[in-house]
Amino acid sequence: MNTQEEINYQEALKRVKKIKGFYTHAIVYIIVNIMIVIINVQNLNEGESYFQFKNFMTAFFWGIGLVAHGLSVFMPNWIMGQNWEERKIKEFMEKEKNKKWE
Numbered sequence: 001m002n003t004q005e006e007i008n009y010q011e012a013l014k015r016v017k018k019i020k021g022f023y024t025h026a027i028v029y030i031i032v033n034i035m036i037v038i039i040n041v042q043n044l045n046e047g048e049s050y051f052q053f054k055n056f057m058t059a060f061f062w063g064i065g066l067v068a069h070g071l072s073v074f075m076p077n078w079i080m081g082q083n084w085e086e087r088k089i090k091e092f093m094e095k096e097k098n099k100k101w102e
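Letter by letter, the sequence shown follows residues 1 to 102 in UniProt numbering.
Rather than coming from a laboratory, the hints here were simulated on the basis of the structure.
Keep in mind that this is a model prediction, so the values were computed, not measured.
Each computed DSS-like pair below joins lysine-lysine, with the alpha-carbon atoms no more than 30 Å apart:
id	residue 1	residue 2
1	K14	K97
2	K95	K14
3	K20	K90
4	K18	K90
5	K88	K20
6	K99	K88
7	K88	K14
8	K88	K17
9	K18	K88
10	K14	K90
11	K17	K90
Given only the sequences and the hints, what does the whole structure look like? Please build it.
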């Protein structure tokens with residue numbers, strides 16, 4: 001059986017991987033959207049404004065996904081409550097345990 005210290009380490013490792021995943025997502029978002037801006041600016045017709053919705057669609061919709069990812073990483077207890085995962089695991093384990101005895 002795992003000691004409490006090992007369990008704490010595994011939970012911390014899992015948390016760090018989630019944070020790293022979010023930061024990687026954010027960096028890719030920034031790089032790709034900078035490239036899109038550069039390409040769009042080079043393809044503008046004379047006198048045309050860059051500030052059109054079509055030029056921001058990728059950043060907008062991908063940004064919604066990035067915000068959702070950030071919320072899931074940095075505010076996991078906001079929607080489901082504190083220790084939701086642990087409570088759900090225990091609930092499923094109890095149901096499975098009770099099933100075996102039936």
